[in-house]
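Novice: Read off the chains here:
There are 2 protein chains.
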Amino acid sequence: VAENNCKAEHIAVGSEILLGQIQNGHAQNISRILADKGFFLYYHSAVGDNLDRILQVYRTASSRSNVVIVTGGLGPTEDDLTKEALATFLGRRLVLSQESLERLEDFFTRRGRVMPPANRKQAMCIDGGELLDNPNGTAPGQYVVDKGVYYFLLPGPPLEMTPMLKNHVLPRLQQVFPPKHLESRILHLCGIGESDVDARIVDLTQKSNPTVAPLAGEGEMLLRLTATDTAERSARELIGETEDLLRQRFSRYIYGVDDETLPVVIGNKLRHLSASLSFAESCTGGLLSSMITQVSGSSDYFLGSVVSYSNDAKRTVLGVDADILEGYGAVSAETARLMAEGVRRLMGTTYGVSVTGIAGPSGGSAEKPVGLVYGAVSSAENTVPFKMMHSGSRRQIQIRAATRVLWELWRVLGR
Amino acid sequence: VAENNCKAEHIAVGSEILLGQIQNGHAQNISRILADKGFFLYYHSAVGDNLDRILQVYRTASSRSNVVIVTGGLGPTEDDLTKEALATFLGRRLVLSQESLERLEDFFTRRGRVMPPANRKQAMCIDGGELLDNPNGTAPGQYVVDKGVYYFLLPGPPLEMTPMLKNHVLPRLQQVFPPKHLESRILHLCGIGESDVDARIVDLTQKSNPTVAPLAGEGEMLLRLTATDTAERSARELIGETEDLLRQRFSRYIYGVDDETLPVVIGNKLRHLSASLSFAESCTGGLLSSMITQVSGSSDYFLGSVVSYSNDAKRTVLGVDADILEGYGAVSAETARLMAEGVRRLMGTTYGVSVTGIAGPSGGSAEKPVGLVYGAVSSAENTVPFKMMHSGSRRQIQIRAATRVLWELWRVLGR
Numbered sequence: 041v042a043e044n045n046c047k048a049e050h051i052a053v054g055s056e057i058l059l060g061q062i063q064n065g066h067a068q069n070i071s072r073i074l075a076d077k078g079f080f081l082y083y084h085s086a087v088g089d090n091l092d093r094i095l096q097v098y099r100t101a102s103s104r105s106n107v108v109i110v111t112g113g114l115g116p117t118e119d120d121l122t123k124e125a126l127a128t129f130l131g132r133r134l135v136l137s138q139e140s141l142e143r144l145e146d147f148f149t150r151r152g153r154v155m156p157p158a159n160r161k162q163a164m165c166i167d168g169g170e171l172l173d174n175p176n177g178t179a180p181g182q183y184v185v186d187k188g189v190y191y192f193l194l195p196g197p198p199l200e201m202t203p204m205l206k207n208h209v210l211p212r213l214q215q216v217f218p219p220k221h222l223e224s225r226i227l228h229l230c231g232i233g234e235s236d237v238d239a240r241i242v243d244l245t246q247k248s249n250p251t252v253a254p255l256a257g258e259g260e261m262l263l264r265l266t267a268t269d270t271a272e273r274s275a276r277e278l279i280g281e282t283e284d285l286l287r288q289r290f291s292r293y294i295y296g297v298d299d300e301t302l303p304v305v306i307g308n309k310l311r312h313l314s315a316s317l318s319f320a321e322s323c324t325g326g327l328l329s330s331m332i333t334q335v336s337g338s339s340d341y342f343l344g345s346v347v348s349y350s351n352d353a354k355r356t357v358l359g360v361d362a363d364i365l366e367g368y369g370a371v372s373a374e375t376a377r378l379m380a381e382g383v384r385r386l387m388g389t390t391y392g393v394s395v396t397g398i399a400g401p402s403g404g405s406a407e408k409p410v411g412l413v414y415g416a417v418s419s420a421e422n423t424v425p426f427k428m429m430h431s432g433s434r435r436q437i438q439i440r441a442a443t444r445v446l447w448e449l450w451r452v453l454g455r
Numbered sequence: 041v042a043e044n045n046c047k048a049e050h051i052a053v054g055s056e057i058l059l060g061q062i063q064n065g066h067a068q069n070i071s072r073i074l075a076d077k078g079f080f081l082y083y084h085s086a087v088g089d090n091l092d093r094i095l096q097v098y099r100t101a102s103s104r105s106n107v108v109i110v111t112g113g114l115g116p117t118e119d120d121l122t123k124e125a126l127a128t129f130l131g132r133r134l135v136l137s138q139e140s141l142e143r144l145e146d147f148f149t150r151r152g153r154v155m156p157p158a159n160r161k162q163a164m165c166i167d168g169g170e171l172l173d174n175p176n177g178t179a180p181g182q183y184v185v186d187k188g189v190y191y192f193l194l195p196g197p198p199l200e201m202t203p204m205l206k207n208h209v210l211p212r213l214q215q216v217f218p219p220k221h222l223e224s225r226i227l228h229l230c231g232i233g234e235s236d237v238d239a240r241i242v243d244l245t246q247k248s249n250p251t252v253a254p255l256a257g258e259g260e261m262l263l264r265l266t267a268t269d270t271a272e273r274s275a276r277e278l279i280g281e282t283e284d285l286l287r288q289r290f291s292r293y294i295y296g297v298d299d300e301t302l303p304v305v306i307g308n309k310l311r312h313l314s315a316s317l318s319f320a321e322s323c324t325g326g327l328l329s330s331m332i333t334q335v336s337g338s339s340d341y342f343l344g345s346v347v348s349y350s351n352d353a354k355r356t357v358l359g360v361d362a363d364i365l366e367g368y369g370a371v372s373a374e375t376a377r378l379m380a381e382g383v384r385r386l387m388g389t390t391y392g393v394s395v396t397g398i399a400g401p402s403g404g405s406a407e408k409p410v411g412l413v414y415g416a417v418s419s420a421e422n423t424v425p426f427k428m429m430h431s432g433s434r435r436q437i438q439i440r441a442a443t444r445v446l447w448e449l450w451r452v453l454g455r
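Those sequence lines, one after another, are chains A and B.
Sequential numbering from 41 applies to the first sequence in my numbering.
Sequential numbering from 41 applies to the second sequence in my numbering.
Check each hint, because a few of them may be wrong.
One copy or two, it doesn't matter: identical chains are merged, so the pair holds either way.
Here are the simulated lysine to aspartate or glutamate pairs, DMTMM-like style, with alpha carbons at most 20 Å apart [as the list claims (entries may be wrong)]:
(1) K206 <-> E223
(2) K77 <-> D269
(3) K77 <-> E448
(4) K408 <-> D146
(5) K247 <-> E283
(6) K309 <-> E145
(7) K247 <-> E277
(8) K161 <-> E234
(9) K309 <-> D352
(10) K247 <-> D269
(11) K47 <-> E300
(12) K247 <-> D284
(13) K77 <-> E56
(14) K247 <-> E56
(15) K427 <-> D284
(16) K247 <-> E300
(17) K161 <-> D236
(18) K408 <-> D243
(19) K247 <-> E118
(20) K161 <-> D238
(21) K247 <-> D119
(22) K77 <-> E142
(23) K77 <-> E139
Just so you know, the hints here were simulated from the structure itself, not pulled from any lab data.
This is chain A alone, in the form it adopts within the complex (with noise of 0.2 Å):
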């Protein structure tokens, strides 16, 4: 359903995603991005850095879509096509942007280096065009309209293209293409299946304005919600109405909104009580504290961790007792609770948080199968240790747990 008349695609360009070498993420990515505002694409493509090819691209978008996104192709190489492509297809000359040439010298000088003849190519738009500000790469982005096309040249770089997306070009359909009143909201859920959360939310995904639509994460579940307003309701209200419901049946494991992740909601709960953590990781092996230091501020609360992946570290820096590690075993309750206990003791802080388990793929046994992980959230008025089993690639179970163990902590929290 168009909720304006913006007909999108997205094309990525890049001879190894055609060989198969790189997963071509963006077009998920995007598609998600913008269906989010109500910008739907109708057609996704990827092609070869061969510019006949990019050319035969360009002309099949240009007569069926009046909004091109196009992503990789824009570095300093001979390879690099999708810009020299599109100023070709439209006739139009390539000028060198002073602007953007200095800026580019100035990324290089900061990082004590001198600019490869190369890049100058970076610096150079399309006439008539205007060259979008990179600010995590050397390769700028590329704005031109022609015929009422609206194209736009976005970096491969994941972490250089999204925010681009968002900054660039979301501003500039909003503007071009004023879009129904459209709200949409997400609800971040964790410790429940996703057949769980799909067979108690089939009344709300059969509904049309708001759409319900499930997602599943890595140990975690979205819950998207989308409305538009109707002459009598607000989309606002109508989102409203449908996460009311959904609290009510989902209260315990609804923990965030829209952005709020798991490291985000816990590092507000615990700047709010000014309280701090510290974790010990086995299994996990650093992933928990990776989590929780990618949020920008973390130090205020997150003081450090031991990774102890031997028993001998358990032991001599967390000063887990040998008999219980021998009596019990590295992966048992016991442990988690000396674990999380020796954390909070050794780098003082108001919480102790401890995972230990079999992240396999080898290791395991009947009695303790690859999977089996423990943990512990330790305070001042006590220390509880819980247990979990998680499936899946050795990667997945360390976020799995990762993610479980965050959740844990968070109701031990409160909201």
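Since the structure of chain A is provided, determine the placement of chain B on it from the hints.
Specialist: Relative to the frame of chain A, chain B by itself:
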């Protein structure tokens, strides 16, 4: 470079892909499986469940490719239009296949069910074409040749699609387009920037056999070498020569081949030396440990880490001298040195490796800007600190710093 005159492309049909609800994993999967056998895809496309748009995509595909592989949209519902659209596009009738109908009814009978009437349409075959048996589901594939274009329609579920690609599509392609022998190899580089690599391989990237293609990763670079047999030389020999040349030019930067990531090569080296490893992490917040422990069996050499995010943790857990911390600051070569030595002593490992820096976006100063990172590798012989300057977002700086630290460790361990 075409190894035969097969010009293939892939079309994924399904609105859920365009909405970003699922990843179009088939595109990469099919590209990889076919490229392995010397067949290349020149375009990927995705289109929703809409007759007009599917016809538009068939028109474009048949004008530029001679093999068109379509996945999805072969189910029993009204939304499933892939086969019907192709019949319309080719101007051919759909004819009931009695054999396929019986096979379908059998499929349901074996599961103790009666075939719903809607499934009957799955037994319809495009006139002059051939249905392809699907042992893992109800939707047979469709094969049809029209005006020199070979069309393959395959069902969407990956566990049904992949065996059909291997058993039905590949043998037919190999018969129609006898392939040449093809060999490829990937070299991994770290410690050198993309433009520096590009500038030193201009002569090689212009050659066509083998081809040399650079790919930028986070904090590292890949060089992909691909060769085909000639009358005089085998593909393996051709690749070997170019690899030798590249190794002469980039000897100190090339750390691995094909699947050998830094955590893998470091693990192999440590195991070979019967050596052990620990980390003291500040700005990377556990990421370094998490990277090393993604490798199964890393407990053989990785004993543990301290994520010393606060200055207190650096002092009390790692024993970093308070005067050094105050005098030089937490982000300094001196602190990095004491952190590496401290964790090595604490964990009792052969090597202790540290990293401390400013990941940003806040916390930088004129003297110590965001992106400034120090590291050190400590062993029984000595402790060697090093300094880095990284750019990008908080997450990029963390990833690039961790990757660079692993590379410095790899250099210390020797080839």
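Novice: Against this structure, judge whether each hint is valid.
Specialist: Each hint, compared with the structure:
1. K206 <-> E223: within (17 Å within a copy, 41 Å between copies)
2. K77 <-> D269: within (13 Å within a copy, 51 Å between copies)
3. K77 <-> E448: neither (32 Å within a copy, 44 Å between copies)
4. K408 <-> D146: For K408 and D146, only the inter-copy Cα distance (17 Å) is at most 20 Å; the intra-copy one is 56 Å.
5. K247 <-> E283: within (14 Å within a copy, 59 Å between copies)
6. K309 <-> E145: Result: close neither inside a copy nor across copies, 43 Å intra and 39 Å inter.
7. K247 <-> E277: Classified as within; 15 Å inside a copy, 62 Å across copies.
8. K161 <-> E234: For K161 and E234, only the inter-copy Cα distance (15 Å) is at most 20 Å; the intra-copy one is 48 Å.
9. K309 <-> D352: Close neither inside one copy (34 Å) nor across copies (22 Å); limit 20 Å.
10. K247 <-> D269: within (15 Å within a copy, 59 Å between copies)
11. K47 <-> E300: neither (31 Å within a copy, 43 Å between copies)
12. K247 <-> D284: Classified as within: same-chain Cα gap 16 Å, cross-chain 63 Å, threshold 20 Å.
13. K77 <-> E56: between (30 Å within a copy, 16 Å between copies)
14. K247 <-> E56: between (41 Å within a copy, 17 Å between copies)
15. K427 <-> D284: neither (30 Å within a copy, 52 Å between copies)
16. K247 <-> E300: neither (26 Å within a copy, 49 Å between copies)
17. K161 <-> D236: Intra 53 Å, inter 15 Å, cutoff 20 Å: inter-copy only.
18. K408 <-> D243: neither (40 Å within a copy, 56 Å between copies)
19. K247 <-> E118: Between copies only: 13 Å across, 51 Å inside.
20. K161 <-> D238: Between copies, since 14 Å is at most 20 Å while 51 Å is not.
21. K247 <-> D119: between (48 Å within a copy, 13 Å between copies)
22. K77 <-> E142: Answer is neither: 34 Å inside a copy and 47 Å across each miss the 20 Å cutoff.
23. K77 <-> E139: Answer is neither: 32 Å inside a copy and 48 Å across each miss the 20 Å cutoff.
This entry does not satisfy hints 3, 6, 9, 11, 15, 16, 18, 22 and 23, going by the numbered hints stated previously.
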